[in-house]
Amino acid sequence: MNITNIFNSSVGKKFIMAITGMALFLFVVLHMIGNLQVFLGWEELNRYGAFLQGNIELLWPARIGLLVVVLLHIWSAIKLSAENRAARPVGYANYDPTAASYASRTMLMSGLIILAFIIYHLLHFTVQTKAINFTGRDFVKLEDAKGRHDVFAMMILGFQNPLVSAFYIVAMFLLFLHLSHGIQAMFASLGWKSPGYRSLISRFALIGSWAIFLGYISIPIAVLLGYGSGYLNEHGYLKGVLK
Amino acid sequence: MNLTLRVWRQKDANDPGKMVEYPANNIIPDMSFLEMLDVVNEGLIAKGEDPIAFDSDCREGICGTCSLVINGVAHGGQRGTTACQLHMRFFKDGDTITIEPWRARAFPVLKDLVTDRGAFDRIVQAGGFVSVNTGGTPDGNAIPVGKVESDLAMDAAACIGCGACVAACKNASAMLFVSAKVSHLSLLPQGKVEKNQRVLSMVKQMDKEGFGNCTVTGSCEAVCPKEISLNFIARMNREYGMATLKGADIKGRSGD
Amino acid sequence: MKLDSKIPSGPLAQKWDKHKFDMKLVNPANKRKFDVIVVGSGLAGASSAATMAELGYRVKCFCFQDSPRRAHSIAAQGGINAAKNYQNDGDSVYRLFYDTIKGGDFRAREANVYRLAQVSVNIIDQCVAQGVPFAREYGGLLANRSFGGAQVSRTFYARGQTGQQLLLGAYQALCRQIGKGNVKMYPRTEMVDLVVVDGHAKGVIIRDLVTGEITAHAADAVVLATGGYGNVFYLSTNAKGCNVTATWRAYKKGAAFANPCYTQIHPTCIPVSGEHQSKLTLMSESLRNDGRVWVPKKKGDTRRPDQIPEEERDYVLERKYPSFGNLAPRDISSRAAKEVCDEGRGVGPGGLGVYLDFADAIKRLGEDTIRERYANLFDMYEKITGENAYKTPMRIYPAVHYTMGGSWVDYNLMSSIPGLFVIGEANFSDHGANRLGASALMQGLADGYFILPYTIGNYFASEKQPKPKLDHPEFKKAMEGVQALTKKLLSINGKRTVTSFHRELGKLMWDKCGMARSAESLKEALKRIPELRAEFWKNVKVTGEGAALNQDLEAAGRVADFLEFAELLCLDALTREESCGGHFRVEYQEEGEAKRDDEHFAFVSAWEYQGPDKPPILNKEPLVYEEVHMSTRSYK
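Chains A, B and C, in that order, give the protein sequences.
Throughout the first sequence, residue numbering follows my numbering, covering 1 to 243 in sequence.
Throughout the second sequence, residue numbering follows my numbering, covering 1 to 256 in sequence.
Throughout the third sequence, residue numbering follows my numbering, covering 1 to 636 in sequence.
No lab work stands behind these hints, which were simulated from the structure alone.
A few of these clues could be false.
Restraint ranges, calculated between C-beta atoms of paired labels, are given here [unchecked claim]: (1) Pro-309(C) <-> Asp-139(B): 44 to 52 Å; (2) Glu-372(C) <-> Ile-118(A): 47 to 55 Å; (3) Phe-173(A) <-> Gly-80(B): 50 to 58 Å.
Ideal Cβ positions, reconstructed from N, Cα and C, are used throughout, including at glycine.
Work out the full structure, taking the sequences as your base and the hints as a guide.
Next comes the structure, spelled out in structure tokens:
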């Protein structure tokens, strides 16, 4: 296999973009399914959280893997975008993008904002930096009745801040845009888009990106509408009993 | 019809160029777009001004010479139509029409609306052929070709190499052009033999020419006067992937 | 001038084989010592350049288009003939040969045409091997259709884009050789003069159309593949850039010009819509396979076509030529259309049109089948006229399409200047006075792939002429001549545009020397052309400068040549006092049909240039028919 082709050629870089995109898409799907367990109650979610955190041998390889995937995705995006810009040094006075959708024309922008979001998100819920969760609490110290890290409480507390939730929703909308074009482009770039499947793939892309959007935003919206506040009350979080 | 034209004027390759406004009066809806420009040019010549240089030849939509971005759309926006086949009945009296050349680093402007599309030729020179010499070929019916494959190959082969795909693409990518040639030849048994080397060589040359990358937006397909399908791009990507996996060698190819 | 056709001796069927054996060969190692210049990159030019490069010659190829792929061969729609007899309908090399000779109204050389028919089968094999996507049957074998002037199905086609696909095949072969460095390609260049040294063609003068630079190129032989001169009529189906400049300037250097009056008028073009018209668009003749030509029986009938009942329609071709019907040859069909329009029965604006109706075919085969066969043509028709031909009949009218005349060449395709070869539409060789449909592609590729590459070797091997250096006085002289011409065109600064002269010339030619010619009309044209030419040189306005991309200047040079060439065309038409093929003299007809005069005019007219103000000399190459009997061409 001629690996230099993959990194040097335009088509090869699109392969990298597509394969990493596919991996990230799968991650986003799994992550969403995991998160939606919030609707099963604190028991289930915290068990899931403990399960993920409990296998350092799996957790770190997975994190490093994801990091590599993200970096490759970003690297190819930057490289391809720079080439694209160079390919048209003098622009049009009047340019009609015809069939190019808004999503397809803003992939870099939506991607960069999503990247900013991911950094915030990691600090918010993974590193759990106290300064940026705007609740005045240290998420690291949340503990549920069974002595596990109280992921459920962390999510509820986190999303009760309307600004934080709004940022999440906006970011998910951008993810939706990014995926609505990205999923079908991924199939095309990898050459998995033969005529018979063309409409199937566009439908999959549309349904897939909507599902992800709705799945993710359902959590902050539910929280803003009051979901979980009873739990917080019950456990005394709102009375400031716990630190 | 009376129209206002905003036209890109550029004296030569080194001139920065600018948009210039011209009136186009007494235009008849039955005129083709290029005949309208002929009329404007006749007027300019009569006044001793330099006429607007634009490329055209067959004027029946097959040679691929004409190359105008009209109101921001390559070939003007009538589906499956070259600029030479676009007729003035497509416009309204009083319209302002902007006319620009193909814009891409790989297609430098030579003068006004005339660009150099030699990059396309060089891509074909790199491998867009079947390596057979004249003579010694088997009987035309010796290798049967299924009608379905043959028709699909013809769909791809219909490309006229005008470059509208590049002009319309936000990234100035040549993927539709290249994939059409790659697909045309690899769909036929005659061309299958060297399909791995072909796709690798042609993509390599395409990259060298400075075209952008494919974002699969579909603009190329939308403006293509021969309505070449975006599916060919996916097909080429697949072929490129297979050729890379197989580690096909392109040394000794003419374009290498 | 002594014209030696160099037709090999022996029986017709064996001439080419025998000649191939008799010709001298160039040793493979020596081939790379020979430089060949090919001007033009259409079917003939591209195929010959590629093939000669494959053989080992060093080739330079010039074309005025921005890419060799854009040559006007690309516009041929219908198909290419070959005597394959795949349909088992009685075709053979001999039948294709006979059909072509008869179609050409017995004004072509037997030996050349027979060779063309022989080679036709190889062309299909070659093109298939190159990946030309010819139409196929479901079983995977090649499909055929029938075409005007033949009663067998021998036409191979690639949707409605046969010319394009064949040209791309040749272009790809050419690209392969360019990539290998065996051909040096010069797009956007125009040949502005031929250089003859010691009686042999040894180079060309080229103008770079981007920079305006004029350069000289020396070679051991020059090949012109520069197409036809149909644009002398201004409106024709030719591309805007098609011109006579290369063969005309070669003529002025001593290459005899043969049969210029043989111009083909194609019956199925879209009618003219107004003064602004810059070119005419052809609808493939293949449409006549399924379309029926008719006009109203009544004069000045302005009813919509669907309101004219069957019994009030005149299916002209079916009535006059029952055995060939709508597939009658081009000249005959064109004249039939002109006749009914002259009678006042024409349709559409100005009454210059006849209907080509697909209603019956759609009823018989279904709209889908018709769509599959002709979709691109119907689409094109709709784009131009705004009418849907699935619902209402097309309107068609004849237009200048192809020119059978061209540089005189011998059996080896060499002109009367040794070392100058002329191939494809640019020569006069194979179509006589009229070309059959789907034969132009065949001839271009036959010349380029299979004939010239052999015969040019014979020239190199037998004539050991050294290649001159570029500082030879002949090059200098030619360069100066070209520069002076450019300067002159730019300095006139008159009142009229180049196009206005071209348009006027074209109208004059169409009226006086078009579908029907008479001594009277031709004499009028011969009087008017020199006047127009004189006015051109006094009053033309060419803008811009010489050392830059200047399309106005390009056009001016070409129109200047047309203004001279038109006179030769009319002179030839006047001299040929008979009607044959595309040349129809109203004085020579019998019951409305063309009347040939074999006793006095069975010859090729090869005109020899004598100087700017002297009448050219008419040389006659007699046409001797050993194999076929010259009969009256009847398609009744």
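To see whether the hints hold, each was checked on the structure:
1. Pro-309(C) <-> Asp-139(B): 44 to 52 Å: Once the Cβ atoms are compared, 51 Å apart, the range 44 to 52 Å for Asp-139(B) and Pro-309(C) holds.
2. Glu-372(C) <-> Ile-118(A): 47 to 55 Å: Given about 53 Å between the Cβ atoms, the range holds.
3. Phe-173(A) <-> Gly-80(B): 50 to 58 Å: Given about 36 Å between the Cβ atoms, the range is violated.
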